[in-house]
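Visitor: With positions in the sequence shown counted from 1, the corresponding number in our numbering is that position plus 1.
Worth double-checking, as some hints may not be accurate.
To be verified - Below, a list of computed lysine to any residue pairs in the SDA-like style, where the Cα atoms sit at most 25 Å apart:
{"hint": "1", "residue 1": "K325", "residue 2": "A251"}
{"hint": "2", "residue 1": "K167", "residue 2": "A8"}
{"hint": "3", "residue 1": "K383", "residue 2": "E370"}
{"hint": "4", "residue 1": "K155", "residue 2": "S43"}
{"hint": "5", "residue 1": "K14", "residue 2": "Q156"}
{"hint": "6", "residue 1": "K163", "residue 2": "H59"}
{"hint": "7", "residue 1": "K179", "residue 2": "T160"}
{"hint": "8", "residue 1": "K179", "residue 2": "L11"}
If you're looking for bench data, these hints aren't it; they were derived computationally from the structure.
Note that this is a predicted model, so its numbers are computed, not measured.
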Amino acid sequence: MLGTPLAEILRPKNFSDFVGQVHLVGVEGILTKLIASETLPSLILWGPPGSGKTTLAHLVAHKIQAHFVSISAVTAKLEDVRKIVAEATQRLTYYKQRTILFIDEIHRFNKAQQDAFLPHVERGTIILIGATTENPSFEVIGPLLSRCRVLVLKQLEPTELKQIAKKALKKLKKKIDKKGLMFLLESASGDSRNLINTLEIAASISSQPTLKLVNIEQAFQKKQLQYDTAGDEHYNTISAFIKSMRASQADSALYYLARMVEAGEDPLFIARRMVIFASEDIGVAQPTALVVANEVFRACEVIGYPECAINLAHGVVYLSLAKKDRSAYDGLRLAQEDVKRFGNLPIPLAVRNAPTKLMKELGYGKGYEKYTQESYLPQRLKGKKYLHK
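Just need the whole structure built from these sequences, with the hints factored in.
Guide: In structure tokens form, the structure reads like this:
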């Protein structure tokens, strides 16, 4: 078809042509077994962009000879869903054919929209296949999630991307040199669609039979980092950043800092986490860490990007290499547990405030000594230790 994107032309027509996700579609793959059982449940396909979610949905529909309907949660409305369900009901009643409703980016549907699928999934009127790049535990409502099987797709490996590139180049009647291929595989970030689109653009701008590194670079322009400030990659990156500093791995921490900076993460968000880290993980082992972290935060407020990235790097290295002591943090959490468990226990009279004569007569403040071994904890918690050093 004229104007059809190469990625669509190359979409596999059967499972034997599908590349990757062997844990799902291999001989012992869970999806292979579900299809063979003839009791295919509704599915949630969770995985990164370009890992094959849409293609798998098409292949499943073809394999079980189901009618396939595809919608996007970005543009679809409830009226669209109702129409699809009505047609699916008729198709099942009169032709005994099941309908697979594929919903791309299902995480973008709100709770009410997701609720609308429940009775139809429950009755088997439709087989729902939802695709999402976000953790379905947070983005898909519990009742719907409990009625679906979640299948996790992995980012494609370079060897798998190479197979796809070979097919794309054959279709384009082009070759590619070694440097260009290496850069392509690295820059695609495991995304097959990204890889195919890049090759298609590179082929259109080069009249030579062999694509070179410069052609691939031009096609990519500036590689777009996969980083949604409200999505999984955001939380995965900040988690890796914090854990690297906690492990005193300055190199790893700098790498994850660089990823956030290049993706345009708010520098105050990064600096705020560093201020928390200074007290939570370094604490009394090196009290100046909190001073440094606060100054980094202040510098980010005043300077902003791009220069404040240097301040962030300075702070990250300092915090990574600092000695660690979580005793203050752990002690606070233990004390909070007792507060939640016992509520407001009576405070010993010796340490109560005594601003009036009556309070003094009642014993408020009596027996208070500034330096004493006597515990000032409530009676029920006498001798309890929260600070373990």
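Visitor: It remains to establish, for every hint, whether it holds in the given structure.
Guide: Consistency of the hints with the structure:
{"no.": "1", "hint": "K325 <-> A251", "verdict": "holds (14 Å)"}
{"no.": "2", "hint": "K167 <-> A8", "verdict": "holds (13 Å)"}
{"no.": "3", "hint": "K383 <-> E370", "verdict": "holds (17 Å)"}
{"no.": "4", "hint": "K155 <-> S43", "verdict": "holds (20 Å)"}
{"no.": "5", "hint": "K14 <-> Q156", "verdict": "holds (21 Å)"}
{"no.": "6", "hint": "K163 <-> H59", "verdict": "holds (23 Å)"}
{"no.": "7", "hint": "K179 <-> T160", "verdict": "holds (14 Å)"}
{"no.": "8", "hint": "K179 <-> L11", "verdict": "holds (23 Å)"}
Consistency note: the structure conflicts with none of the earlier hints.
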